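These protein sequence lines are chains A and B, in that order. Residue numbering for the first sequence follows the working numbering, beginning at 35 and increasing consecutively. Residue numbering for the second sequence follows the working numbering, beginning at 5 and increasing consecutively.
Don't read these hints as lab results, they were simulated from the structure. For clarity, every value in this text was computed on a predicted model and none was experimentally measured. The C-beta atom is built at its ideal place from N, Cα and C for all residues, glycine as well.
Partial chain A-side listing against chain B, Cβ under 7 Å, derived:
id, residue
1, 48
2, 50
3, 88
4, 120
5, 140
6, 142
7, 143
8, 144
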Amino acid sequence: MSVYNDLDLFGSGPHRFAQAAIGEYVLINARVDPFQAGSTPIGPLELTLAVRGRLVASTEDELWILRDAIAALLVHPPLVAELKETSGRTWADMALVNFTPADRTDRGRTFSIGYTATFVRFAT
Amino acid sequence: MIIPHPNSVTFDGLPIIDVAFLLIDQHATRELIEWSDGGPHPVFADIVERRTTITLIRTPSRAEPALPAISAAGELTLVFSDAGTNTDAARKRLTATCVVREIASTPTGPAGIRQSISLIALSSDGASDPIVIQAA
Numbered sequence: 035m036s037v038y039n040d041l042d043l044f045g046s047g048p049h050r051f052a053q054a055a056i057g058e059y060v061l062i063n064a065r066v067d068p069f070q071a072g073s074t075p076i077g078p079l080e081l082t083l084a085v086r087g088r089l090v091a092s093t094e095d096e097l098w099i100l101r102d103a104i105a106a107l108l109v110h111p112p113l114v115a116e117l118k119e120t121s122g123r124t125w126a127d128m129a130l131v132n133f134t135p136a137d138r139t140d141r142g143r144t145f146s147i148g149y150t151a152t153f154v155r156f157a158t
Numbered sequence: 005m006i007i008p009h010p011n012s013v014t015f016d017g018l019p020i021i022d023v024a025f026l027l028i029d030q031h032a033t034r035e036l037i038e039w040s041d042g043g044p045h046p047v048f049a050d051i052v053e054r055r056t057t058i059t060l061i062r063t064p065s066r067a068e069p070a071l072p073a074i075s076a077a078g079e080l081t082l083v084f085s086d087a088g089t090n091t092d093a094a095r096k097r098l099t100a101t102c103v104v105r106e107i108a109s110t111p112t113g114p115a116g117i118r119q120s121i122s123l124i125a126l127s128s129d130g131a132s133d134p135i136v137i138q139a140a
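This is chain A alone, in the form it adopts within the complex (with noise of 0.2 Å):
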């Protein structure tokens, strides 16, 4: 089970853990200096990570019971709160940035809703 800030959110249907690139942050300097070629190293990128998955319930109610959940936890400053696969793997001081749901609800067999959670471990 994967768990936020000890908190089961996406466990109502399913979801992927992905990892954002890692490594060195290089500003392309033409952004900075249109006549400057070239690029610079400026540090290490932060560890972003993305839940993208689908919340799952079997009425709208409860539908909204579990985005509620989530977004009561987007909150400035953001909440930095150890975040947890489901293979167990434990990524400590992570910060959910923002979870963008998809463009419709799906009313099926279930009421469902695609989504996509961002958490940042800030560098500062």
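Given chain A, work out where chain B should sit, using these hints.
What follows is chain B alone, placed relative to chain A:
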């Protein structure tokens, strides 16, 4: 669902004669299949958009009255006998609000024609079944 030899068929009040079969097909127009990080097999599936089509198979035996036009909307009403019986008690009425999507004719022999009229059944609110079957 297959209904052979219905007793009567009307579309938007217009009788449609010589109907040999009525076929009801359901098609998944949007299906969700989801996998997890646990392994290669899907762990979730749901059909979240579907389409119900009704096809009338006719064997016209004489000059035709006017047929509904493509895209015409109306209520299809069909009375049929359940389970092969022909008693009043077993008679049922099928109703569905439909839009005509295709009318196609195919020669079946030296003097035979088979015509199919395909309709899309509409739900009144998106959630209720577009096909209603009641005792006639």
